[in-house]
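I would like the entire structure built from these sequences, with the hints used as guidance.
The listed protein sequences derive, respectively, from chains A and B.
The first sequence begins at 1 in our numbering and counts up by one.
The second sequence begins at 109 in our numbering and counts up by one.
Calculated from the structure, these hints are not laboratory results.
Keep in mind that a hint or two might mislead.
[Stated by the list, open to error] Over the 10 Å line for every Cβ pair with chain B, so calculated as not near, a few chain A residues:
(1) Ser7
(2) Pro8
(3) Gly16
(4) Ile19
(5) Ser26
(6) Lys54
(7) Asn64
(8) Ile74
(9) His78
(10) Pro79
(11) Ala83
(12) Val106
(13) Ala108
[Said to hold, decoys possible] Here are the simulated lysine-lysine pairs, DSBU-like style, with alpha carbons at most 35 Å apart:
(14) B/Lys178 - B/Lys165
(15) A/Lys100 - B/Lys122
(16) A/Lys100 - B/Lys165
[Unchecked claim] Cβ-to-Cβ under 8 Å is the rule here; a few derived chain B residues that face chain A:
(17) Tyr141
(18) Gly148
(19) Gln149
(20) Leu153
(21) Tyr156
(22) Gly166
(23) Phe196
(24) Leu198
(25) Thr208
(26) Gln209
(27) Tyr210
(28) Pro213
(29) Gly214
Cβ coordinates follow ideal geometry from the N, Cα and C atoms, glycine included.
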Amino acid sequence: KNEVEQSPQNLTAQEGEFITINCSYSVGISALHWLQQHPGGGIVSLFMLSSGKKKHGRLIATINIQEKHSSLHITASHPRDSAVYICAVGAGNTPLVFGKGTRLSVIA
Amino acid sequence: DGGITQSPKYLFRKEGQNVTLSCEQNLNHDAMYWYRQDPGQGLRLIYYSQIVNDFQKGDIAEGYSVSREKKESFPLTVTSAQKNPTAFYLCASGQGVPDTQYFGPGTRLTVL
Numbered sequence: 001k002n003e004v005e006q007s008p009q010n011l012t013a014q015e016g017e018f019i020t021i022n023c024s025y026s027v028g029i030s031a032l033h034w035l036q037q038h039p040g041g042g043i044v045s046l047f048m049l050s051s052g053k054k055k056h057g058r059l060i061a062t063i064n065i066q067e068k069h070s071s072l073h074i075t076a077s078h079p080r081d082s083a084v085y086i087c088a089v090g091a092g093n094t095p096l097v098f099g100k101g102t103r104l105s106v107i108a
Numbered sequence: 109d110g111g112i113t114q115s116p117k118y119l120f121r122k123e124g125q126n127v128t129l130s131c132e133q134n135l136n137h138d139a140m141y142w143y144r145q146d147p148g149q150g151l152r153l154i155y156y157s158q159i160v161n162d163f164q165k166g167d168i169a170e171g172y173s174v175s176r177e178k179k180e181s182f183p184l185t186v187t188s189a190q191k192n193p194t195a196f197y198l199c200a201s202g203q204g205v206p207d208t209q210y211f212g213p214g215t216r217l218t219v220l
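Next up, the structure:
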């Protein structure tokens, strides 16, 4: 079974800082997901990646399949980016395996 | 609007009682999932269903039961056999391989 490790577990940043959250997994996958969970508990899917890089607004996700590693970057961070960011991986038709999440706090 | 609804948002039950959590989707997705989230832990899969009238156990199915009689609905029953049922429960649906999963708002269950 795939193991998913995220780092850091907790991150505090000043508004405007560039933020990087990392995700490593142990077994080959067909797709990696980045999710965002706000304090109310609802989860939103940010990206689904199988190779390369994707960008949406101030968010950038990259994946290196050979190194089994992905990063989520937030440029010009803002307090509204404060949330838990979750990495999840899937292989074929099997259910996703989730990391424990990275809790981000952006201070104005 | 298309989406997933879970009800209720907060639920309180006495120990020893069964309780059913509702999950409905109007996204026409074939697959539906139930996850449990505890503080400091990742989401753990309870049950999933990839097609109507069929479902599979996830990693922590003991003490839970599900049904999938309709494509839109995937209710989860937390039985009295579940030893530590107090948690946040999330339902999701998806389509395709691999699928992007869409999550409901969650139900926070507290057993007193």
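Quiz item: Can we keep the B/Leu198 interface hint, with Cβ of chain A closer than 8 Å?
Solution: Hint holds; B/Leu198 Cβ to chain A Cβ min 7 Å, cut 8 Å.
Quiz item: Hey, does the B/Tyr141 contact hint survive, CB to chain A under 8 Å?
Solution: Holds. Min distance 7 Å.
Quiz prompt | Hint status (Cβ of B/Gly148 to nearest Cβ of chain A, threshold 8 Å) | solution = Given a least distance of 7 Å, the restraint on B/Gly148 holds.
Quiz item: Checking the smallest CB distance to chain B, is A/Ser7 really beyond 10 Å?
Solution: holds, 14 Å
Exercise. Using 8 Å as the Cβ threshold, decide whether B/Phe196 counts as touching chain A.
Key: Since chain A brings a Cβ to about 6 Å from B/Phe196, closer than 8 Å, the hint holds.
Self-check item: Proposed interface contact between B/Leu153 and chain A, which counts if any beta carbon pair is under 8 Å
Solution: holds, 5 Å
Exercise. Confirm or reject the statement that A/Ile19 sits farther than 10 Å, beta carbon to beta carbon, from all of chain B.
Key: holds, 20 Å
Exercise. Measuring Cβ to Cβ, find out whether A/Ala108 lies farther than 10 Å from everything in chain B.
Key: The assertion about A/Ala108 holds, with a minimum of 26 Å to chain B.
Exercise. So, B/Tyr210 near chain A? Judge it on the closest CB pair being under 8 Å.
Key: Cβ of B/Tyr210 sits 7 Å from chain A, so the hint holds.
Exercise. Closer than 8 Å between Cβ atoms is the bar; does B/Gly166 clear it against chain A? Give me holds or violated.
Key: holds, 7 Å
Quiz prompt | Closest C-beta approach of B/Tyr156 to chain A relative to 8 Å, hint status | solution = Hint on B/Tyr156: holds, closest Cβ of chain A at ~6 Å, below 8 Å.
Quiz prompt | 10 Å Cβ clearance of A/Val106 from chain B | solution = The assertion about A/Val106 holds, with a minimum of 21 Å to chain B.
Of the numbered hints stated above, none is contradicted by the structure.
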